[in-house]
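One letter stands for each residue in the lines below.
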Amino acid sequence: MYYLNRRQFLRSAYLVSLAGLLPSTNSWAYSNGNSDSSNNKLIVILLRGAVDGLSVVPPYADSLYYSLRPSIAVAKPGNNNGVLDLDGHFGMHPALEPLLPLWRSKGLAFVHASGSPDPTRSHFDAQDYMESGMPGVKMVSSGWLNRLVQEMPSNDSPVQALNLGAVLPRIFAGTGKVGSASRNLAENKLVLDRPIIADYFSQLYRDEGTDLGQAFAEGMSAHKTIENAMSEVENAPSTPTDVPNANSPNQSVSALVSEQKAASRGAPSPRNYGNFGNQLGKLMNHDPSIQIAFTDFGGWDTHVNQGNGNGQLANKLKPLATGLYELAYALGPLYSKTTIVVMSEFGRTVKENGNNGTDHGHGNVIWLMGGTIPGGKVYGRWSDLSPNNLYEGRDVPATTDFRDIICYILNNHLAVSKKSLANVFPDFTMSNRPLVIA
Amino acid sequence: MQNPSKLNSKRNKIIKKKCSLYRVAIFLLVSNLLIIIQNPGIAKSSPNKPSFSKQNKTLTGSASFRQVTDGDVCYLLNRMSFGPRPGDLQALKAMGIGNYINQQLNPKTIPEAQIISSFVSSDTDLTATPEDLFIAYGPPAVKAAVGASATITPDDKKEAQKMVRKEENQLNKKFAQLHIMRAQYSPKQLQEVMTDFWFNHFNIYGDKGLDRMWVGLYEDTAIRPYALGKFRDLLGATCHHSAMLFYLDNWQNSTPPHGGPLADGQNGNAPRGRFSGLNENYARELMELHTLGVDGGYDQQDVIQLAKILTGLGLPPRGRRAQVANIDPVMGDYFDEKRHDFSDKILLGHPIKGSGEDEVEKALDLLASRPATAHHIAYELAQYFVADKPPASLVDKLTARFQHSSGDIKAVLTELFTSNEFWDPRYRFAKYKNPFRYAVSVMRATNAQPSSYDAIMGFLRQQGMPIYGCVTPDGYKNTKEAWLNSDTLLKRIGFAAGIASGRMRNVCPEPPDYTVVGTVFGATLSPNTVRVITKAPDKIKLALLLGSPEFMLY
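Protein chains in written order, with our numbering: chain H, 1 to 438; chain G, 1 to 554.
Quick caveat, the hints were computed from the structure, so don't treat them as lab data. Heads up, a few of these hints could be off.
No farther apart than 25 Å at their CA atoms in a straight line, the calculated lysine-lysine pairs in the DSS-like style are these [what the hints assert, rightly or not]:
| id | chain 1 | residue 1 | chain 2 | residue 2 |
| --- | --- | --- | --- | --- |
| 1 | G | Lys162 | G | Lys174 |
| 2 | H | Lys138 | H | Lys189 |
| 3 | G | Lys480 | H | Lys138 |
| 4 | H | Lys351 | G | Lys157 |
| 5 | G | Lys173 | G | Lys157 |
| 6 | H | Lys138 | G | Lys208 |
So here's chain H without its partners, still in its complex pose:
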């Protein structure tokens, strides 16, 4: 057991990223989804505001990328703040550097030109469709993640489905039970934590035959579970299990620790998104009954002064990437059983606008991380950025439906049957080949 300061580990990870120190799909029995998937996990992260996919995964080898985006295109690999090459044609925004080890250990993939078939460029309509899982249909009362909860066999845990956030999102709306924990720890404290209050209110609500009584009991149960887990998570030091190092098996983590402990005096990196990666990863480690989790981040709507390899967007991508890395790390042995999906309601215009920014577009990138995805590739039905290949002559098209990708994951990784998939996404049929190399 090695006790490692989280920040120091990050530094050491950057240094030894080539060594693939991270949990790697080579390290564990690679799961093609058919082995025991009864406790596989799904984490969905929604970036609200339409993050610019062309900056997340720039097609740097396409000259049109630079001619259409003179001030906001990310420089070619090798340049200062240039893309991190992925496969010779696509690169990754330099702010996503923390994810590079995941890419190299084949635990990260991108699906470009993906999204919703609905043409709306309204944030709230598009988010609504991405969460309801029925693009184009207004006023669907439930979210697809809740319908998934209803389809999965219950493990009787009040946190089998967990929302990490202050308000229950649309994607989780429905009759399936969802537990809630705020990323802001203080918000998780309830007046009902006080024993006298809990005692008397429990007596008021003791009739579990009523809807209110039942809701109260479930709430108290979920709350206790989360409280216990959260306090352990915050109090315990980072405890990586002994991670086999694919490239340098002799280099132990503890050696790195002492090396970095000596060198580092570092201040914590800016955590715009709080501690979500650590929180969620450790929470799930602490309580294996958590099977489906969701969280979201806003602030991606870069109409003005988007920046390129650095700047406004880069400053937002950096802590997100750090958080995702921390999540992967904190999941520890669960990482191999977890799939993380990052999506956004639509992408942004290919051509930059008059304010050094971008406007609402259509197709975007969906990020996939985890132990069972076929990582290390950029997928998508992609040609290039010439106008006749663009949606309405202006946007990256959405040639892969987001539901296709999710169905692929649900079917292969969570062993959700085709019949159940039809309940999760009514009016949708999974295609034969959702993931095509771009």
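Chain H is already provided as a structure; the job is to place chain G on it using the hints.
Showing chain G alone in chain H's frame:
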């Protein structure tokens, strides 16, 4: 049900806190006294509806309702208002149910609360026109803020936008506060309850573009004045208001240029430029949500026809505002004949000649008078006032009343409040308060006088019901299924405890005594709740009342 002798023996068993228990005993006696006298038996529900004069459907006075119990009064207040305040039950009993309903149906006879009038007159923006606000907070304001320098960088623009947006947010917040204050303080409670109902029926999302500045005006000028009038007038007001024309995109709805083919026939979204084609969004919702209902007997062709009728009805053209006439001063809308499709149409089988702006009025006349519309509104009212799954007999009665009165909302409500179904014990205190209703009922029960509404708005956001925050056009629901979940229930209890302890200093710095708040329950507390509160330490009694299952229901 406890009787006095039982209470005494209980008191004798408990040695300490004689004083507080004595107070509890008095409190229980007072609140349950009438029940003991009138209805020995279950305190919670009255087996009979108060009888009333059936000869005509207008309420002529206290003689109209006989044998009224405390439970009846408490129930009526809970449904007709946002929750009783201490003293309301007694006042209503003294006034008589018939008189009360009559008065509430005629809000012009009730003077407005001073605290509301003062707030409204504290900022002229609150009573401005859409045009005024557009100039003060829209693109003209940004332009003015940027200035006229030769070199304007994108950063300058961004700074100006940020500044204007900040002021716009403050205005939006003021309107949101006014919305809460009206529900909380207005003596015209039924008007507020109906404004809430109609706003959700004709919902607008208050965070979309121009509606950030217009949504409050929309409520005050297009909804509230018509909330207890004729449905056709209300429909017309919402149809003409800039806020609606913006929200559902009708301002972009135009006939394709040069009589060409529909820009995007089926989908209705203009793909190239804003005014180059038909936009069906408003036409569809006008039929599906505002009038006929989703099964109301219209098809895609009707949607297209109605969209054509509505072409040109939108916002004044930017940059030419000063030059165009007939911008409605109150509603802010403008009919642009150049963007109107003048072909003859057929809507729901009825021909409508392509004559221009009055086509819209003819279409609205047609939609408002359809039986499907009567049924749709009747169902929603029955759900809002009686039960989540309203009894068909009531829906039918209200539908008939709607039709016979040509959509007279007062007549329909009179029918509702005098119906057997409304007074049926099954439906009493069985509706679950949505977060807005819960928060307002807590403030009314405690006579709270907030110095700031931040905490209330924060609570509503946390509960998933921010003011003007319903994204979809169908509006916020009022059913238990939509709102009851374990997480938000526990957070409501936290809110109740926060108010009760005095911790929420900006909302209720000195919470009232629990006995005072207890009177708003009439005699509707269950024996279990009474017992638990009796036993509880004094300092949490108020929290228990405000967070009780009974207070979650109405």
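A quick look at each hint next to the structure:
1. G:Lys162 x G:Lys174: This hinted pair holds, its Cα atoms lying about 18 Å apart.
2. H:Lys138 x H:Lys189: 36 Å, violated
3. G:Lys480 x H:Lys138: Measuring from Cα to Cα gives roughly 21 Å; hence the hint holds.
4. H:Lys351 x G:Lys157: 20 Å, holds
5. G:Lys173 x G:Lys157: 24 Å, holds
6. H:Lys138 x G:Lys208: 17 Å, holds
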